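Chemist: In the order they appear, the protein sequences are chains A and B. Take the first sequence: its position 256, counting from 1, is numbered 255 in numbering that gives the first Met the number 0, and each next residue is one higher. Take the second sequence: its position 112, counting from 1, is numbered 111 in numbering that gives the first Met the number 0, and each next residue is one higher.
I should point out that these hints are in silico values taken from the structure, not numbers from a laboratory. This structure is a prediction, so every number in the text was calculated from the model and none was measured. C-beta: ideal position from N, C-alpha, C; glycine also. Don't take every hint at face value.
[As the list claims (entries may be wrong)] Residues from chain A shown here face chain B by an in silico Cβ test under 8 Å; the list is partial:
(1) Pro-38
(2) Ser-41
(3) Thr-100
(4) Arg-128
(5) Gly-130
(6) Thr-132
(7) Leu-181
(8) Glu-269
(9) Ile-273
Residues per chain are reported as follows:
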Amino acid sequence: MKVSSLPGRYALLCLSVLLGLFLHGDALAGPITFDTALPVASREGILRGQYVLVRATGDPTSLGRSITVHAAPVALAYGVTPRLALFGIVPYFDKSLKMNTPSGRIKRSASGFGDLLFLGRYTAYALDRPGSTIRLAPFAGVKIPTGRDDVSDGPGRLPRPLQPGSGSWDGLGGVVFTWQTLGWEFDADAGYRKNTAADGFRFGDQAFTDASFQYRVWPRRLGAGVPAYVFAVAESNLFLQGRDRVGGVPDPDSGGARWIVGLGLQYVTERFVIEGIYQVPAVQRLNGNAVETDHSLSVGVRWEFSFLSS
Amino acid sequence: MTFKPVHINRPFGRWIGLVLAATALASLAAPPAARSGPASGASRQAVVAVNGMSCPFCAYGVKKHLSALPGVKSVQVEMAKGEAIVEFAPETEVTDEQIQRAVRAAGFTPGKIEWK
Numbered sequence: 000m001k002v003s004s005l006p007g008r009y010a011l012l013c014l015s016v017l018l019g020l021f022l023h024g025d026a027l028a029g030p031i032t033f034d035t036a037l038p039v040a041s042r043e044g045i046l047r048g049q050y051v052l053v054r055a056t057g058d059p060t061s062l063g064r065s066i067t068v069h070a071a072p073v074a075l076a077y078g079v080t081p082r083l084a085l086f087g088i089v090p091y092f093d094k095s096l097k098m099n100t101p102s103g104r105i106k107r108s109a110s111g112f113g114d115l116l117f118l119g120r121y122t123a124y125a126l127d128r129p130g131s132t133i134r135l136a137p138f139a140g141v142k143i144p145t146g147r148d149d150v151s152d153g154p155g156r157l158p159r160p161l162q163p164g165s166g167s168w169d170g171l172g173g174v175v176f177t178w179q180t181l182g183w184e185f186d187a188d189a190g191y192r193k194n195t196a197a198d199g200f201r202f203g204d205q206a207f208t209d210a211s212f213q214y215r216v217w218p219r220r221l222g223a224g225v226p227a228y229v230f231a232v233a234e235s236n237l238f239l240q241g242r243d244r245v246g247g248v249p250d251p252d253s254g255g256a257r258w259i260v261g262l263g264l265q266y267v268t269e270r271f272v273i274e275g276i277y278q279v280p281a282v283q284r285l286n287g288n289a290v291e292t293d294h295s296l297s298v299g300v301r302w303e304f305s306f307l308s309s
Numbered sequence: 000m001t002f003k004p005v006h007i008n009r010p011f012g013r014w015i016g017l018v019l020a021a022t023a024l025a026s027l028a029a030p031p032a033a034r035s036g037p038a039s040g041a042s043r044q045a046v047v048a049v050n051g052m053s054c055p056f057c058a059y060g061v062k063k064h065l066s067a068l069p070g071v072k073s074v075q076v077e078m079a080k081g082e083a084i085v086e087f088a089p090e091t092e093v094t095d096e097q098i099q100r101a102v103r104a105a106g107f108t109p110g111k112i113e114w115k
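With the hints as extra help, turn the sequences into a complete structure.
Modeler: Pasting the structure below:
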């Protein structure tokens with residue numbers, strides 16, 4: 000395998016991770032790995048910080064490639080109106096690749112801020128009843144290439160997927176559904192990400208659908224006031240990605256399908272949420288010799304604040 | 000110039016007294032929720048049904064928006080009952096509409112409002 004073909008080989012991994020991060024719920028409670036349709040109150044904000052670790056060592060070749068991604072995305076949500084919320088998300092990455100070469104095992108790595116994503120979400124439908132809500136909200140966004148995509152090391156410029164930024168302007172759109180009660184919550188979304196070319200490289204477009212079920216395990220009975228909740232969380236993320244294009248030519252070792260499942264916990268109070276989820280791939284049907292993901296871990300905190308004076 | 004004292008004959012005065020008393024009783028008997036309650040004397044409470052509010056993280060926005068209403072002394076959310084209890088300072092002029100607007104601004108649907 001040539002080093003020059005590496006970008007496509009782990010592009011799917013990196014993009015899957017990125018997309019998961021970018022769609023992380025920035026609103027109320029909700030899923031851990033993607034957004035929710037629950038409202039952000041007008042003139043209020045939610046700040047979210049996460050740490051995500053992804054390990055991928057399933058290399059079908061003798062290169063023994065091993066990929067580790069540490070990511071720390073920070074997201075800010077703001078309620079413009081009760082129905083319209085805006086989100087800004089910027090991740091910090093530390094990505095590394097280890098692989099066998101004729102001169103021994105080498106490590107290539109890059110770190111820095113990734114691309115900035117802006118999202119808008121509008122609640123198109125809401126059915127509020129005592130103790131429950133059902134909502135549907137389309138969302139759309141644009142990813143701006145603010146992260147560096149020209150990081151180099153000894154052997155030269157790092158492959159594109161190893162760069163913190165993508166270099167391209169990409170668009171994203173979809174719809175998210177939420178059904179929340181006092182005891183449980185179900186969320187699901189579906190969307191599409193259209194990627195563009197930059198410097199002769201284009202990541203394959205991506206379709207995705209996610210689902211999350213959160214069940215209140217504590218307290219078993221709701222007391223007076225606003226008690227803190229502990230939710231047990233089960234989530235599923237399905238990504239279908241087209242082949243990357245290098246110089247206009249499809250990379251045979253890129254793209255494919257990945258279905259990831261995970262279990263997690265959320266501690267939800269009136270002002271903040273602490274959460275964590277462990278995910279493993281249930282199915283990976285990747286094209287060519289792409290590296291398969293082993294597992295990922297995500298922990299984070301959300302904090303709600305208001306611009307209202309009271 | 001001299002002023003003559005005005006005399007109200009007794010049966011007519013009794014009628015006026017009865018009408019005033021009936022008016023006062025009627026105003027006391029009117030359903031409080033239908034009023035846009037100016038608080039008078041002691042502080043008053045509005046118990047507001049907040050439909051759709053079903054997790055702790057949602058309650059914060061409801062509290063903040065209700066707290067921003069004029070004359071609010073305290074806001075307490077009862078998650079299990081899906082309601083917020085808003086205590087107003089005496090003599091505060093707040094209408095049901097203002098309360099409903101605050102609940103909507105928090106992203107939820109206002110229900111019945113009971114004044115106590």
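Chemist: State the violated hints by number, sorted upward, taking the hints as numbered earlier in the document.
Modeler: Hints 3 and 9 contradicted; others consistent.
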